[in-house]
Structures are given as C-alpha cells and as structure tokens.
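Can you make the complete structure from the sequences, with help from the hints?
There are 2 protein chains.
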Amino acid sequence: MKVGSVEKQLEYMFRPKSVAIIGASRKPGKIGHEILRNLIEYKYPGKIYPVNPSAEEILGLKCYKSVIEIPDEVDLAVVSVPAKLVPTILEECGKKGVKAVAVISAGFGEIGNVELEKQIVEIARKHNMRLLGPNIFGLVYTPSRLNASFGPRDVLPGNIAFISQSGALGIALMGWTILEEIGLSAVVSVGNKADIDDADLLEFFYHDEDTKVILIYMEGVKNGRRFMDVAKRVSKKKPIVVIKAGRSERGAKAVASHTGSLAGSDRIYDAAFRQCGVLRASNFEEAFDWARALATLPPPKGENVVIITNGGGAGVLATDACEANGLHLMEMTSDLEDRFRKYMPPFGSPHNPVDLTGQASEEQYKGALLEALNEPRIHSIILLYCQTIITDPLKLADAIVEAYSEAKTKKPVVVNFVGGVECDKAMRRLEKAGIPTYPTPERAVSALAAVHRWARFAGHIS
Amino acid sequence: MKVGSVEKQLEYMFRPKSVAIIGASRKPGKIGHEILRNLIEYKYPGKIYPVNPSAEEILGLKCYKSVIEIPDEVDLAVVSVPAKLVPTILEECGKKGVKAVAVISAGFGEIGNVELEKQIVEIARKHNMRLLGPNIFGLVYTPSRLNASFGPRDVLPGNIAFISQSGALGIALMGWTILEEIGLSAVVSVGNKADIDDADLLEFFYHDEDTKVILIYMEGVKNGRRFMDVAKRVSKKKPIVVIKAGRSERGAKAVASHTGSLAGSDRIYDAAFRQCGVLRASNFEEAFDWARALATLPPPKGENVVIITNGGGAGVLATDACEANGLHLMEMTSDLEDRFRKYMPPFGSPHNPVDLTGQASEEQYKGALLEALNEPRIHSIILLYCQTIITDPLKLADAIVEAYSEAKTKKPVVVNFVGGVECDKAMRRLEKAGIPTYPTPERAVSALAAVHRWARFAGHIS
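Sequences listed follow chains A and B, in order.
Following the numbering used here, the numbering of the first sequence begins with 1 at its first residue and continues without gaps.
Following the numbering used here, the numbering of the second sequence begins with 1 at its first residue and continues without gaps.
What the hints contain is simulated information worked out from the structure, not anything from laboratory work.
Bear in mind that the values here come from a model prediction, so they are computed numbers and not experimental data.
Among the clues, some could well be false.
Remember, identical chains collapse to one label, so a pair may be satisfied in a single copy or spanning two.
[To be verified] Below, simulated DSS-like cross-link-like pairs (lysine-lysine); rule was C-alpha separation at most 27 Å, straight line:
1) Lys253 <-> Lys342
2) Lys425 <-> Lys30
3) Lys118 <-> Lys8
4) Lys118 <-> Lys432
Take a look at the structure:
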C-alpha cells in the first residue's frame with residue numbers, strides 16, 4: 001500500500017537525512033566500498049551508516065551489524081548484498097522504519113528470478129518503502145550532494161535529470177557528462193524497475209525545482225498507459241527527452257536478452273512519444289545536445305529564426321538543417337535588412353542567413369546580435385562563426401555574452417564555432433555563461449529545433 | 001591549350017621546386033604576409049621568392065620587384081594582389097614560364113566580374129599555366145611540406161585530401177582537423193573554380209600515393225557530366241566523400257548568394273553521387289568520421305559484422321544503427337558462440353552483439369577480439385566499451401592494439417569508448433595505432449557502413 005503522493009515518497013530517496021549502506025565493504029573495488037566512498041567524498045552532508053556484520057569501521061565511519069542497530073532514523077538504505085539475502089535485509093529495513101531502499105544487487109528478474117523479485121517488492125510495499133531497482137548502479141542527486149552510486153564521483157551540478165535503464169552505459173555516460181562539462185541534477189539507475197519506474201520519477205522531477213529537463217535512456221516501458229498519462233502532463237511543464245533503444249527488429253531482440261524488456265513496436269512508441277510531447281532523440285549525443293539547450297534557453301515566443309554567420313558555407317549548412325528540422329527561417333523585411341547592413345561590408349548579405357563575411361569583427365557580431373535580440377519579430381537566433389585571422393574567438397565569445405546580457409529581452413540563442421583549440425575554449429566560455437554551443441552548425445540547429453518542438457507542445461508558441 | 005595529363009600539370013602545383021608569392025607583404029595580418037609566413041614556418045624545403053616592388057626583404061627573404069626578375073625557374077606562383085592587377089601579373093607569370101598559379105585575390109565572378117575572370121583564365125591557358133581560384137585561401141600539400149594558405153599553419157600530415165568550395169568554412173575546418181588530430185594530405189581551396197575544378201583534382205589525387213580518401217565540401221558543380229565520369233573511375237580506386245550544401249530550397253538560394261553556384265536539384269545530385277559511388281555525408285562531422293575510417297581500414301571481404309561490447313545498452317544502440325545503416329549483423333553459429341563464451345561470465349551473451357558484460361577484463365576483450373579477427377566468416381568488427389571500475393580504458397586500448405597486431409588477417413575494426421577523460425585518452429591512443437574511434441556507438445557504425453558501401457561499389461565484396 002502506498003501512502004502519500006509519489007513525490008513525497010521519493011523525497012526520502014533524493015533528499016534523505018540519513019543513508020545506510022547495507023553490505024558496505026572494506027575492500028576497494030567492491031561495490032559496497034565504492035558506493036560508501038562516493039557518498040563520503042562527494043561530501044554528502046547527512047548521516048552515513050555503513051552496515052557490515054563483520055567490520056568495526058570502514059573508511060573512518062563506525063560500522064553497524066544490522067540496520068536495526070543504527071541509533072537513528074534511516075531515510076534511505078542502499079542495499080548491496082547477494083540477491084538471496086535481500087528479502088531478509090528488506091524485512092529488517094521495514095522493521096527499522098526505513099523510508100526508501102535502493103537495491104543494487106543483481107540476480108533477479110533479469111536472469112529469470114522473477115519470484116525473488118516479486119517477493120522483495122511485496123516486502124517493500126508491506127512496509128511502505130519505495131524500492132529502486134534491483135540490478136542498479138545507484139543514484140545521484142546533486143542538490144543534496146548525494147552520490148550513492150558506484151559510478152564516477154564528480155558529477156557536475158546542473159538542471160538535467162538523467163534516468164538510465166542500462167547499467168554499464170549509464171555509468172559510462174556519467175563519466176562522459178563530466179568530460180563534456182554537462183551539469184546534472186540527478187542520475188537514476190532504474191534497473192529492473194520492479195517498483196519505482198519512469199512514471200514515478202517523472203512525478204518527482206515534475207515537482208523538483210532543481211530539474212529543468214528529464215532525459216531517459218529506455219529499453220522498454222512496463223505500464224505504457226500510465227507512462228503516457230504522466231509524461232503528457234509533465235511535458236507541458238518540463239521537457240522530456242528519450243533515447244528509446246531497440247528501434248530495429250534485431251535491436252529489440254538484443255533488448256530482450258539485455259534487460260528482459262519488451263522493446264515493443266517502434267512505430268507505436270514513436271506515435272506515443274509524439275502524442276505526449278516527449279522528444280525522441282536518436283542517440284545520446286543528440287539527447288544531451290537537446291537537453292543542454294532545453295535546460296538553459298527560454299522558450300521562444302514564435303517561429304521566426306535568424307541565422308547570423310561570418311561564413312557563407314556554414315550559413316548554407318545551417319539553412320539546410322533548418323528546413324530538415326522544421327525550423328522556419330524568417331523572411332527578412334527591408335527595414336531589418338537595413339539595420340543588419342550596418343554591421344557588414346558592402347559584399348555581405350543582410351538576408352537570412354545574415355552573412356557578416358569573413359571580415360566580421362567582434363563589434364560587428366555584437367551589433368548584429370543585439371539587433372536580432374532586441375527585434376520582437378525575431379524569436380530565435382543561430383549564431384555561427386568560422387575561425388578567421390581577423391576575429392579572436394575568445395573576444396568574440398565575450399562580445400556575445402555582453403550582447404546577451406545587454407539585450408532587452410531573452411530569447412533562444414544557439415552557437416556553433418568551427419575552428420581550432422581557441423574555438424573550443426571560446427565555446428566552453430559561452431557554455432559557462434549559459435549559452436549552449438555545438439560543434440557543428442547542424443547540431444546547433446537540431447538543438448534549437450528541439451526547443452521549438454517542445455515550446456509548441458507546451459503552448460509557448462501561439 | 002592544355003599540354004600533358006592533368007596530374008602532370010598539377011604536379012607543379014602540389015610538388016613545386018620553387019614558389020613565388022606575388023603580393024608578399026611586410027605587414028602581419030595581411031594575406032600576402034600570412035601565406036609567406038606559413039610557407040616558411042611549415043618548413044617548405046624548396047625555394048621561396050617573395051615578390052613586392054617596394055620591399056627589399058620580407059621575413060628574412062630577398063624580395064623581387066616582379067616575377068620576371070627571379071633568377072630561377074618558378075613552378076608555382078601564389079597571387080595576392082588587387083583583382084584588377086591580376087591580368088598583368090599573370091601575363092608576367094606566363095612570360096616567365098611559371099607552370100601553375102593560385103589566385104588568392106577576390107573580386108571576380110563571385111561579385112559579378114565575370115569578364116575579368118574569363119580574361120585571367122584565357123591568359124593562363126595561353127601560357128599553358130593551370131589556375132587555381134580565384135577567390136581562394138590557398139592550398140596545402142603535406143607530403144611537400146607546402147602550406148601556401150592563409151589558414152592555420154600546423155596541418156597534420158595524413159591521407160585525406162580535403163577540397164573546399166567555401167573559404168571561411170574551409171579555413172575553419174583546417175583548424176578543426178588540427179584540434180581533432182585528423183591527418184590530411186592536402187587542403188585545396190577551389191573558390192570560383194575558373195579553371196581547376198573538382199574533376200581535375202580528383203584526377204590528381206587518383207594518382208597521388210599519399211592520398212587515400214578525397215573529401216569535398218561542394219556547393220555546386222559546373223561540368224556535371226565530367227565530374228561524374230571522373231568520380232566514377234576514381235571511386236573504384238579511392239573513396240570520395242562529399243558534403244553537398246544547398247540540399248534545401250532555401251539552402252540552394254543561400255548557395256547562389258554565397259558562391260554564385262547553382263545548387264541544382266538535390267535529388268539529381270543524390271542519384272548522381274550514388275551512381276558514381278560517391279559517399280554523400282550530411283555534415284562535416286560525419287564526412288570526417290567516414291574519411292578517417294576509409295583512410296585507415298582495409299576493405300571488408302564480406303558483409304558479416306560482429307559487435308563486441310561490455311554494455312548491453314551500447315550493444316542495442318549499435319544494433320539499431322546497423323539496421324538503419326544497412327550493415328548485416330552476422331547470425332552466430334554454435335561453434336562461434338562456444339568460442340566467444342570463453343571470454344565472459346555465465347550471464348554474458350555470445351550472440352551478436354557479443355556481450356562480455358560489465359565484468360569484462362582487458363584480457364577477455366583481447367581474447368574475444370582475436371577470435372573475431374582470426375575467424376574468416378567474420379568480416380568487420382564493432383568494438384564498444386562502457387567505462388567501468390573493472391577495466392582501465394588505457395590498458396584496454398593497449399590490449400586492442402596487441403590483438404590487432406597479433407591477428408592473422410587485417411579486417412575493419414571501429415571502436416567506441418563511452419566514459420570520462422581516460423576514455424578520451426585511450427581513444428587517442430587507438431587512433432595513433434591506426435584504429436579509428438568514435439564518440440558514440442552510432443557514429444562508429446555509420447563510419448563502418450561507409451566503408452562497406454564503398455567496398456561494395458569498388459568490388460571488394462563479391
């Protein structure tokens with residue numbers, strides 16, 4: 001029996017006052033050791049209680065023989081013991097009054113032990129505990145400084161909640177987000193989804209002020225109807241990006257042998273996602289490209305997109321991509337053309353793409369960008385730069401940040417710089433200032449298109 | 001009148017014994033200065049003759065009043081003077097017996113000065129000189145240590161010849177290849193293609209032993225029939241990858257205002273490329289992804305592809321991508337399954353994808369990879385790795401390199417590591433060993449699919 005709303009129940013999981021690690025280990029490399037170490041080193045400010053019947057102390061913390069012995073309330077228990085011991089452990093957790101459990105242990109439904117999995121869910125329900133897993137690598141929630149996972153430690157705080165049905169890929173992507181400097185509010189390994197599923201997590205993140213975008217790697221959904229109902233409601237408020245693996249026939253078979261999920265007909269998924277406003281990405285690079293834009297940009301108020309570039313070729317590539325991605329390039333009016341002409345030599349082009357030419361200085365970029373930002377008929381901007389010997393990418397980045405902060409209104413701006421190591425640095429500088437950047441014109445366009453699709457669904461564009 | 005074969009004529013341009021820079025400048029930042037500096041600093045071993053009527057010496061080199069005065073033969077003249085002076089300069093080059101000219105100067109057909117452009121071509125033809133440009137950023141040919149461009153200096157030597165119709169984008173991509181550590185044999189800015197066009201360059205690179213793949217950024221082709229004839233012949237020997245901008249209606253208009261080319265019907269281009277075996281990429285990231293694989297991998301002897309992974313999710317994503325890209329995943333036979341089973345725990349999967357599970361060690365990876373490399377029924381391999389705490393990415397990279405060098409036969413292997421900074425380092429190590437790596441499973445699959453498409457066209461797969 002569930003008591004209270006889902007988001008209240010999951011509060012104990014994401015914002016626990018105390019965490020017990022049941023199956024804590026002294027041995028580096030062991031899962032029960034790595035989770036404890038991550039918790040400590042990521043500086044979780046609550047109480048941490050390692051549980052191990054044969055240890056006095058692990059990593060400087062006093063160890064308890066069982067969860068029952070802990071002289072304090074326990075909000076979250078992370079369980080990493082052999083599968084067959086999990087039922088006993090959960091009974092103890094229930095008796096102790098633990099509010100939520102994350103079952104790391106594998107060896108349940110994914111290898112055919114369906115009964116054991118049912119049993120642990122029943123125990124959890126009996127004691128009013130919500131259960132994450134089993135067969136997971138843990139969870140991270142950066143606003144609580146909670147890293148209860150055996151994945152990488154230094155997850156960067158941000159506004160994207162990442163939910164993964166895959167273990168190894170999920171852990172690897174945690175590391176990848178650190179490398180790519182992508183900030184996350186949460187990482188949740190859902191594993192077999194025996195109790196807590198995607199819909200529950202959507203409910204929680206719907207209410208979570210620290211989450212702006214929800215990104216899900218998914219192989220299958222158990223309760224499709226409920227997922228759709230919840231996703232439709234959540235999408236109106238916060239964008240949901242999904243990577244749904246098992247698109248192909250052979251991929252669906254691989255899914256079955258991997259997580260045991262039914263991948264289902266891909267067309268049905270496609271239609272369902274569209275109906276609920278869920279943005280389906282075709283790979284994780286695209287998914288995070290979109291999520292970064294959705295997490296930082298305000299929704300556009302209309303469909304008029306303008307491209308500003310110093311390279312005709314880059315402008316053409318972006319134009320092609322706009323058409324392919326359903327973005328509307330604004331038809332320029334003569335008054336606007338006159339205004340843009342001030343920032344280019346006579347052989348520039350004030351049409352859309354606005355081509356400032358290879359001779360464009362950072363001042364000209366800034367001027368043209370400010371015109372576009374302050375013009376109410378323009379709703380979104382794609383800013384492209386091809387590295388030249390005339391304009392310094394870092395100075396240009398500063399000019400863009402200045403224009404963005406001086407502008408009267410905020411509107412979506414996506415940026416692509418093409419060039420060498422200075423361009424890379426300049427793009428990282430823009431990212432830090434909250435302007436999403438992309439390594440190609442096409443990826444910038446694709447991200448902006450996702451923002452527009454979501455804004456249409458959520459009713460921001462009338 | 002042209003004398004000799006195209007490739008002989010272009011020898012003077014790519015392997016000149018001496019280069020004159022007409023319009024050499026003392027002033028840093030000026031094009032005529034930057035080209036001269038690149039030539040010197042990239043360590044061109046031939047003779048360099050700056051020409052400037054009002055300078056005695058530039059960058060330590062004696063300066064000549066005109067090309068006529070140079071007391072030596074001149075193979076290549078790089079011309080950077082105002083457009084209206086170009087005819088006179090070319091007449092002088094002709095009298096001097098210069099073999100090839102690269103006209104950097106802008107202000108010809110691209111701004112409507114069609115007559116002036118015709119005139120310079122006539123002068124070049126009259127004197128048996130081939131002409132690159134006008135309106136170009138120069139050319140680079142790494143086997144000659146020739147950087148006669150005002151783009152970035154330190155182009156990395158390699159086997160990909162890059163031809164660009166766009167100026168700013170071409171220069172920016174030069175810098176990008178350095179950042180991405182992609183090796184090039186040549187960078188050629190073709191500009192207005194008044195004389196030398198893509199077909200001529202294909203002829204040259206067809207015969208060039210230092211070039212394995214030709215990559216073209218193209219907005220339009222002037223002589224479509226000839227391009228197709230040449231491309232078809234060249235493709236049988238060396239892969240050609242094309243980014244053709246102006247796919248969309250609006251993009252085609254942007255092309256017209258950029259380089260003045262007629263983008264033409266995109267469907268016709270698509271069909272034509274397919275007929276000649278030209279691989280059409282949809283953006284430059286994809287184009288270079290493909291080119292790197294095509295430049296390093298041997299052609300596959302058949303269609304049987306095997307995926308080896310430690311992450312089920314990554315395996316599923318790659319499986320989906322194989323189906324989407326027309327790659328055939330081999331149906332495993334029981335004898336092969338038994339052989340792969342040796343390298344995984346009982347809960348691993350010896351089907352295709354071969355899932356070694358998150359517990360896979362580098363020895364197990366090496367063993368499984370060697371099985372696949374030495375098995376004649378397997379023709380290509382996709383190797384995926386999700387970073388775990390069990391396997392060190394750098395050690396795994398070493399194990400892969402070992403397996404690749406110990407294998408009895410060479411076959412295409414593409415690699416994707418997902419994870420943090422160590423994965424990035426490990427992939428760079430694999431690249432150095434000649435194994436192409438990609439940041440996502442999908443990009444690895446897409447690159448391998450390009451290799452297969454080319455191998456089918458060129459008759460390597462029967």
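Outcome of the hint check:
no., hint, in the structure
1, Lys253 <-> Lys342, "between (59 Å within a copy, 23 Å between copies)"
2, Lys425 <-> Lys30, "between (38 Å within a copy, 25 Å between copies)"
3, Lys118 <-> Lys8, "within (24 Å within a copy, 77 Å between copies)"
4, Lys118 <-> Lys432, "neither (46 Å within a copy, 50 Å between copies)"
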